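Trainee: Letter by letter, the chains look like this.
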Amino acid sequence: MSGGPISIFDTSGLMPHGVCLLWQPELLALHVASDLMTGLAYYSIPMALVYFVWKRRDVAFSWVFGLFAAFILACGTTHFYGVWTLWNPDYGVQGIVKAVTAAVSVLTAVALWLLMPRALALPSPTQLRLTNHALQREIGERRQAEERYASFFSNLAESLFVIAVRADGTFAIDTINPAHARATGLDPDVICGRPVDAVLPPETAAHIKERYAACVAAGGPIDYEETLDLPSGRRTWHTVLVPIRDAAGGVVQLLGSARDITERKRLQEELVQTSKMATLGTLAAGMAHEMSQPLNVIRIWAETALTRLRDGALDRGRIEKVLVLVAEQTERMGKIIDHIRTFSRRDGGGSQDFDPAESVQSAVELLCHQYELEDITIALAVSEEGWLVRGRPFQLEQVILNLLSNARDAILDRRSRSPGGGRIHVDFRVRATNRTAIISITDDGGGIAEEVLSRIFDPFFTTKEVGKGSGLGLSIGYGIIDSMGGRIEAANVDHGDGRRGVRFIITLPVIRPTQSEVEFAHA
Amino acid sequence: MPDRFHVLVAEDEPLAAMAIEDFLSYKGYRVTVAGDGQEAIERYRADPADVVITDLRMPRMDGRGLIREVRSMSTTLPVIVMTGFLSAEDELTDGSWTPLEILRKPVNPQVILDTLQRMLGASN
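If you're matching them up, the sequences are chains A and B in order.
Residue numbers for the first sequence follow our numbering, so the first one is -2 and each next one is one higher.
Residue numbers for the second sequence follow our numbering, so the first one is 5 and each next one is one higher.
These are computed hints drawn from the structure, not numbers from a lab.
Predicted model, so just to flag it, every value in this text is computed and none were measured.
Careful: at least some of the hints might be erroneous.
[Said to hold, decoys possible] List time: in silico EDC-like cross-link candidates among lysine to aspartate or glutamate, alpha-carbon distance up to 20 Å: (1) B:31 - B:46; (2) A:318 - B:17; (3) A:318 - B:54; (4) B:31 - A:194; (5) A:206 - A:194; (6) A:262 - A:479; (7) A:262 - A:308; (8) B:31 - B:118; (9) A:262 - A:312; (10) A:206 - A:171; (11) B:31 - A:308; (12) A:332 - A:312; (13) B:31 - A:171; (14) A:318 - A:335; (15) A:332 - B:98; (16) A:318 - B:118; (17) A:95 - A:194; (18) A:318 - A:328.
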């Protein structure tokens, strides 16, 4: 008998295992039955395991179940082979089956120990239950908080709305609260979830989209006043927009709150109009004089011509001279009347772009002749024209008239103590570098006491005697300049030649040069 | 007319002054025109007038200043004031400035002439 691998499959010299049992039927039956039962069980278990893993796809470490199945299958095979070798001495094949079983067993055992730390790290059902419980509690709390905020959103008197910023940069109305629905007249069922363009008139939509884009660009809260035509009518709002970001930092929503300030604006306008009429009142005496001059000229020339006509001493040349003169004088009066009419008119609803230099010139023109008669000179220096500011021209003119009127009062008051002429300097210039227009009005009326200077823009504050000033002029002026995005300041000045006075400085943001300036710059 | 009456007109509105000058010259008066109170005083000193017609609001020296000045030189000189605006309690209306007449603008030259003749007649 030669050696080598083949020799283990040579069964010629071997005896079946039954011989060891002396072929006793009871022993054979016991072994055969036990091995078959064990083998069948071992074949059934892997199938159950594989079925389990196949059904429960989420089982962790499913490959270990595969190893277990292979190991048990191999064990089952060794039991079946134990029955075979009772009658057939194929111990070589049986050895190989056992060797395979050993290999799979060892592999499984090693893998199991290696896996142990990770298996232990898996949460136990108890742990999972506790975690679930905590999560449930948190969900409950969050839901409560959400309900609380939803209740705020729905019941606050403040108008609130949420705008969705879509990935393509367009805006849609996410939701509006009942207060906003009431105030705007918009129906949430109709507009929510739809693009801004689809639910609002084109002009309104374009206007508010500009604001939303500005908020996204700013990356932070912005606030502004705007007048919109909505189903509830034309109303003015003070709106605050706050951007809401997602985890990546992109702006996905805008949270808005709006307050209806239509009534407040109306009262402000009323106050401005009242103060304007009061300004006109203080100018009335001077106006009457201005008007009586041309009227006087017409009357005298007409009467003179009439006298000559009755005497038969009126020649054609004189008639022509008188009529031309009358026409010129009526034109002069017409201009004064026009000025008063436009000044006292309510300036419509909206602002416009205008050249502030024109308002300055117009105010000075209206007063300079009258002031001259009281020996007060107004020196006007306009160094630049053609820059535009946004606001209402006649409101700016009103502020300047008011300042000039205050300057005159101060000069006359000072003159009652120490005689002498008065000079008012009005300067207009533009600082192109920081795009501001500066109007300065300087008098030589003696100045304002320093302790009073800080209060002169307060409403109802006045240094004039009862009945001479409402104390509203400067505070309304302050409001007008503020609404134009500018500011007004006052300081005492010493002219150096013994004269002292006050300088008011109005600073306004200029928008752009007018068309002619642009053409000039490109020429 | 052997010696024509001399009228000094102080009025800052040249067209009104010219018309008055034209009318009074036509009616036979000698007329001197001044653009403000200061100029009127200078002309009066150089060539005293028989009557002064003045506006109230004028640059440099106003009508009140002019009246005060001429009154210091002559207490009997007739003065005619032309004004567009005068309050009821004005010092000019209290009688201490006589002989003085106030005419409201717009004035009728015929009324100026009548007033002039009456005042000159009274002073003669």
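Trainee: Each of the hints needs a verdict: does it hold here or not?
Mentor: Quick rundown of the hints versus the structure:
With a C-alpha separation of about 25 Å, the suggested pair residue 31 (chain B) and residue 46 (chain B) falls outside the 20 Å cut-off, and the hint is violated. A distance of roughly 17 Å separates the Cα atoms of residue 318 (chain A) and residue 17 (chain B); the hinted pair therefore holds under the 20 Å criterion. Under the criterion of a C-alpha separation no larger than 20 Å, the hint pairing residue 318 (chain A) with residue 54 (chain B) is inconsistent with the structure, at around 30 Å. Between residue 31 (chain B) and residue 194 (chain A), the direct Cα distance comes to roughly 82 Å. Violation of the 20 Å bound is thereby established for this hinted pair.
Restraint check: the Cα-Cα separation between residue 206 (chain A) and residue 194 (chain A) comes to about 9 Å, which is no more than 20 Å; the hinted pair holds. Simply put, residue 262 (chain A) and residue 479 (chain A) have alpha-carbon atoms about 14 Å apart, close enough for the 20 Å limit, and the pair holds. In summary, the hint linking residue 262 (chain A) to residue 308 (chain A) is not supported, as the alpha carbons are separated by about 65 Å, beyond the 20 Å threshold. Between residue 31 (chain B) and residue 118 (chain B) the alpha-carbon distance is near 11 Å, which keeps this suggested pair within the 20 Å criterion.
Restraint check for residue 262 (chain A) and residue 312 (chain A): not satisfied, since their Cα atoms lie roughly 62 Å apart, outside the 20 Å limit. A threshold of 20 Å between alpha carbons decides the hint, and for residue 206 (chain A) with residue 171 (chain A) the separation of about 14 Å falls inside it, so the pair holds. Between residue 31 (chain B) and residue 308 (chain A) the CA atoms are separated by roughly 11 Å; this keeps the pair inside 20 Å, and the hint holds. At roughly 31 Å between alpha-carbon atoms, residue 332 (chain A) and residue 312 (chain A) are farther apart than 20 Å, so this suggested pair is violated.
As the CA atoms of residue 31 (chain B) and residue 171 (chain A) are separated by approximately 90 Å, the hinted pair breaks the 20 Å bound. For the given pair, residue 318 (chain A) sits about 26 Å from residue 335 (chain A) by alpha-carbon distance, which is inconsistent with the 20 Å threshold. At roughly 37 Å between alpha-carbon atoms, residue 332 (chain A) and residue 98 (chain B) are farther apart than 20 Å, so this suggested pair is violated. For the suggested pair residue 318 (chain A) and residue 118 (chain B), the alpha carbons sit about 26 Å apart, so the restraint of at most 20 Å is broken.
With a C-alpha separation of about 79 Å, the suggested pair residue 95 (chain A) and residue 194 (chain A) falls outside the 20 Å cut-off, and the hint is violated. As the CA atoms of residue 318 (chain A) and residue 328 (chain A) are separated by approximately 16 Å, the hinted pair is consistent with the 20 Å bound.
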